[in-house]
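For this one, chain A is given, so just place chain B on it according to the hints.
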Amino acid sequence: AQTVTQSQPEMSVQEAETVTLSCTYDTSENNYYLFWYKQPPSRQMILVIRQEAYKQQNATENRFSVNFQKAAKSFSLKISDSQLGDTAMYFCACLPMSGNQFYFGTGTSLTVIP
Amino acid sequence: EPEVTQTPSHQVTQMGQEVILRCVPISNHLYFYWYRQILGQKVEFLVSFYNNEISEKSEIFDDQFSVERPDGSNFTLKIRSTKLEDSAMYFCASRAGEGYTEAFFGQGTRLTVV
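From first to last, the protein sequence lines are chains A and B. Under my numbering, the first residue of the first sequence is numbered 13, with each subsequent residue one higher. Under my numbering, the first residue of the second sequence is numbered 8, with each subsequent residue one higher.
Just so you know, these hints were derived from the structure itself, not from any lab. Glycine included, C-beta positions come from ideal geometry on N, C-alpha and C. Take these hints with a grain of salt, some might be off.
Said to hold, decoys possible - Taking lysine-lysine and the DSS-like style, the derived pairs with C-alpha atoms no more than 25 angstroms apart in a straight line are:
| hint | chain 1 | residue 1 | chain 2 | residue 2 |
| --- | --- | --- | --- | --- |
| 1 | B | Lys-90 | B | Lys-49 |
| 2 | A | Lys-67 | A | Lys-90 |
| 3 | B | Lys-90 | A | Lys-90 |
| 4 | A | Lys-67 | A | Lys-85 |
| 5 | A | Lys-67 | A | Lys-82 |
| 6 | B | Lys-49 | A | Lys-85 |
| 7 | B | Lys-49 | B | Lys-64 |
| 8 | B | Lys-49 | A | Lys-82 |
| 9 | B | Lys-90 | B | Lys-64 |
Unchecked claim - A few chain A residues that don't get close to chain B, going by computed Cβ distances all over 12 angstroms:
| hint | residue |
| --- | --- |
| 10 | Met-23 |
| 11 | Lys-85 |
| 12 | Asp-93 |
| 13 | Thr-99 |
| 14 | Asn-112 |
Unchecked claim - Short derived list, chain A residues pointing at chain B, Cβ under 7 angstroms:
| hint | residue |
| --- | --- |
| 15 | Gln-26 |
| 16 | Arg-55 |
| 17 | Gln-56 |
| 18 | Leu-59 |
| 19 | Val-60 |
| 20 | Phe-116 |
Bound-form chain A, shown alone (with noise of 0.2 angstroms):
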């Protein structure tokens, strides 16, 4: 069975701040890829960022990073010089690769204060 939690329901952060958004899967798939999709209120999710399992280094873009703990099975985002364009509800999810399906978290919702 595959699960992914995300224990912070909301959060919020201070404009050009920094912030980091955790997430903790279990799988027993050796092969999968990570996600974080931001889906901004009242539209669709987007991809913000993914991670294969077997590559050790933490992907980037941009802003956005993650660190990416195989072992602890942790996948959290930071979100850097955060910007009101940031505030929109977060998922985590997971995508085995021998599977077609993904795993979603229940989202966290990301403010950006002014």
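Just chain B now, with coordinates in the frame of chain A:
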């Protein structure tokens, strides 16, 4: 940029009525999904569809649910006899194909069963 579109954005229906949620996936994508999120809970997998047939489905996806791709562009989710507990946000997603890990999501349809 191509995107997944869903209609309607909000649907209110009486218990026991049939509803059809519509999705237009990205053209040339091969994998299609329906997910749902009950307020405050995880985003849950319902069904995946590939090559004109269901490839995976969850326990939630019982006989009350069905999917169709009637005309090569639309991808619909039908709930035959809605229950109060079907009230949720329903997300459609598509993925380009094998080897492409990113799923593109629609903005969701909020279904309210009264």
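Do the hints match the structure? See the list:
no.	hint	verdict
1	Lys-90/B - Lys-49/B	holds (19 angstroms)
2	Lys-67/A - Lys-90/A	holds (18 angstroms)
3	Lys-90/B - Lys-90/A	violated (40 angstroms)
4	Lys-67/A - Lys-85/A	holds (14 angstroms)
5	Lys-67/A - Lys-82/A	holds (10 angstroms)
6	Lys-49/B - Lys-85/A	holds (19 angstroms)
7	Lys-49/B - Lys-64/B	holds (16 angstroms)
8	Lys-49/B - Lys-82/A	holds (22 angstroms)
9	Lys-90/B - Lys-64/B	holds (19 angstroms)
10	Met-23	holds (16 angstroms)
11	Lys-85	holds (17 angstroms)
12	Asp-93	holds (25 angstroms)
13	Thr-99	holds (16 angstroms)
14	Asn-112	violated (5 angstroms)
15	Gln-26	violated (26 angstroms)
16	Arg-55	holds (6 angstroms)
17	Gln-56	holds (4 angstroms)
18	Leu-59	holds (5 angstroms)
19	Val-60	violated (11 angstroms)
20	Phe-116	holds (4 angstroms)
Comparing the model with each numbered hint stated earlier shows that hints 3, 14, 15 and 19 do not hold.
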